[in-house]
Amino acid sequence: MAEGLSFAHLRIDRHGAPMLSLDARVAPGEVLTVMGPSGSGKSTLLSAIIGTLAPGFTLSGQITLDGTEITLLPPERRRVGILFQDELLFPHLSVGGNLGFGLPPRLRGKARRARIDAALRDIGLEGFAARDPATLSGGQKARVALMRMLLAEPRALLLDEPFSRLDAARRDQIRSLVFERARAQGLPVLLVTHDPEDAEAAGGRVITLG
Amino acid sequence: MALSLTRAAPALTLLALLGPVAAGLAGTLAPALGLMPALGGTGLSLDPFRELFDWPGLPRAVILSLFTGLAATLISLTLTLLICAGWQGTQAFAALERVLSPLLSVPHAAAAFGLAFLIAPSGWVARLIALPLGWERPPDLLILQDPFGLSLIAGLVVKEMPFLLLMSLAALPALRPAQSVATAQALGYGRVTAWAKVLLPRLYAQIRLPVYAVLAFSISVVDVAMILGPGTPPPLAVQVLKWMNDPDLALRFRASAGALMLLALTVGALLLWRGGEIATARLSARWLVAGGRGHGERVLRGLGLGLGALSAAAVLLGLVGLAVWSFAGLWRFPELLPQGWTLRSWMRHGPELLALFGRTLLIAAAVSGIAMALTTACLEAEQRHGLRPGARALWLLYLPLLVPQIAFLPGLQIAALLTGLDGTLGAVIAVHVVFVLPYAFLSLSDPYRALDPRFAAVSHALGRGPGATFWRLRLPMLLRPWLAAAAVSAAVSVGQYLPTLLIGGGRVPTLTTEALALASGGDRRVIGVTALAQTAAAFLPFGLALLIPALAWRNRRGMRHG
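Respectively, the protein sequence lines represent chains A and B.
Residue 1 is where the first sequence starts when you use full-length UniProt numbering, and the numbers rise one by one after that.
Residue 1 is where the second sequence starts when you use full-length UniProt numbering, and the numbers rise one by one after that.
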């Protein structure tokens, strides 16, 4: 069976009117960039893949992840990770709590804490577990959001313009961190952006919608 | 299981809201048409209405109800709009908002007693005048319970204006008021005129239902009218209650007919108001675009702030007056303060009040818990299944606030009698839920819907299902507005008079029924003690709603303005 993220005759209609269609496969470690003006349905495509399509939209065709069709699975069982433009760290949890929210429950007690500490060390935030996420810098938040997603062991990663909020210097740094990690874990990545620089840095195929 | 529960929540909630209203109206209609087998009414007849029309006080009672209701609503609305138009976005407005928001939770009865203590012939206002003029006796004026219902109107305005103001404040941000007004001001319009021309037409559409609720409430109010309204005859709602409570059970027929008449008056007043809305819209259509930039702005702004502050001061000073009376020893006219202070009133009534306080809060906690559970389940159903109520559902939600309590509670009381549930704590709690649910829903729905849906998307992408997303994300993130809504619900329950009295059958006394029972007695010290205890019971949940999130999120900067 085909590894990676595949779209077979995927079509999304809005109130019966065709909005977008897509036929593509993203191999593990590959980045597919989707570009297009606002309103062309980029975000709708991502909602369809993670399973949070708003009422009024209808979806036909299949989305397959590592050979399993996920089109009809509830969002929490799809194992598709997503990073948004905002980090969306949960404001009521500590930094460590946010990572713990992503970590599957099979690790418990000490091992769980150790895994969280290791993850923090991994992104250069050693000792940040008890910190309030609201006190972090933009770059630090972005790293925590990425690590939270990776700890949940997704099998694909979607990026919804995740670098557009960062200043120029940090943008390069976070961008290469994200792509590097995704490649290392063999994740198929779908990047939605309207920044040509993002597409260039991703280095993969580019599809333009609308 | 959990899935099907949230799916069923909207239907269950509507049933809890509308079931009692429908059953109550039916139970009121039957005796009004002569049907009440228990009292020998076995055949359809119009005698109850004939008796009602034979009552000589009827015309006056009807006119009083309509006049006080319409006047109180018109004044409250005008004042609200003047304050918003003149001051929204300023520091004075923020200050007024901070004062008025807690006033919303002061029970109607306590506010009315406080106002009575201020404006009575022997009250503080009269004493302030009497002292320099050397009067030795209170003026012989019928200020309280005046025949025109003016003090009743004042008592309604000081409570309804904060309500309309807060409803306006909730609706305003979506209209982006700062930009709209600034644009109009850049075109040369004065501040008040700019607000009235660019925001008011849109805002009114948003606060129409709350305004209708104020109108319906004011026409049919019982507790405030018993304290501040005229006595012979009283407004129709008070008279209906008198007939209901009369030892002569035959008067129940006339009471039911009166209750239906009040319902008709309320519907008529709402239609009249709607006509007024249409006429105003027609007449102002040209004015809106005629280009007038406005004049007399300063006067209007001054009037808005002055009257708003006066209204707030009336309630606050009223509460202070209650406190002073509750600790007063001997207090002669026209002294401004008592000659001596004493704990005697508190000591004498303390133990009994403590029991009432406990029961009042127990009911409030149960009611608030049920209302919040139903509301949260409905809003969660919206999130999970897209079961979003339309504009019509909002009308249904407001129905218990639009149908006068006195029009369907008598019927519900009969239903409670027939099922043997009357006089039980459970029945009182159930009937409170009907009146509390709309407030719970109105308080929680905006913050619930405003939470960024991408948080849930992230949670799902992290492998967490709807249950974990609700318990571990949405609920804790909404802790502050959730507790605030629970506190509003509890405060509304604390203030309920008529449902507690009628469904409790006098066997479930609360601070509110106790305070009203004292109204005719006129012992100011006991009234002071009781009304203060009632206010405290309404405030306590708000204190907790402020304290708990402050403690829970003391180390979370992102949760401070949740």
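It cannot be assumed that every hint is accurate.
Stated by the list, open to error - Going by beta-carbon spacing under 8 Å, a handful of chain B positions derived as facing chain A: (1) Phe-148; (2) Leu-303; (3) Leu-462; (4) Pro-476; (5) Arg-557; (6) Gly-558.
Claimed, not checked - Label-pair distances were calculated between CB atoms; the ranges are: (7) Asp-13(A) <-> Asn-555(B): 57 to 63 Å; (8) Asp-122(A) <-> Ala-450(B): 21 to 27 Å; (9) Asp-122(A) <-> Leu-18(B): 33 to 39 Å; (10) Asp-122(A) <-> Arg-388(B): 47 to 53 Å; (11) Gly-390(B) <-> Thr-58(A): 17 to 23 Å; (12) Asp-13(A) <-> Arg-449(B): 22 to 28 Å; (13) Asp-122(A) <-> Gly-543(B): 28 to 34 Å; (14) Ala-281(B) <-> Ile-207(A): 50 to 56 Å.
Read the hints as simulated data drawn from the structure, not as lab findings.
Note that the structure is predicted; figures quoted are calculated from it, not measured.
All residues carry an ideal CB built from backbone N, CA and C; glycine is no exception.
Evaluated hints:
1. Phe-148: violated, 54 Å
2. Leu-303: violated, 42 Å
3. Leu-462: holds, 4 Å
4. Pro-476: Status holds, d = 5 Å.
5. Arg-557: holds, 4 Å
6. Gly-558: Hint holds; Gly-558(B) Cβ to chain A Cβ min 3 Å, cut 8 Å.
7. Asp-13(A) <-> Asn-555(B): 57 to 63 Å: Violated - the Cβ-Cβ distance for Asp-13(A) and Asn-555(B), about 47 Å, lies outside 57 to 63 Å.
8. Asp-122(A) <-> Ala-450(B): 21 to 27 Å: Violated - the Cβ-Cβ distance for Asp-122(A) and Ala-450(B), about 35 Å, lies outside 21 to 27 Å.
9. Asp-122(A) <-> Leu-18(B): 33 to 39 Å: For Leu-18(B) against Asp-122(A), whose Cβ atoms are near 57 Å apart, the range 33 to 39 Å is violated.
10. Asp-122(A) <-> Arg-388(B): 47 to 53 Å: At 42 Å between Cβs, range violated.
11. Gly-390(B) <-> Thr-58(A): 17 to 23 Å: Cβ of Gly-390(B) to Cβ of Thr-58(A): about 21 Å, so the range 17 to 23 Å holds.
12. Asp-13(A) <-> Arg-449(B): 22 to 28 Å: holds, 26 Å
13. Asp-122(A) <-> Gly-543(B): 28 to 34 Å: Given a distance of about 45 Å, which is not inside 28 to 34 Å, the answer is violated.
14. Ala-281(B) <-> Ile-207(A): 50 to 56 Å: Distance hint for Ala-281(B), Ile-207(A) holds at roughly 51 Å.
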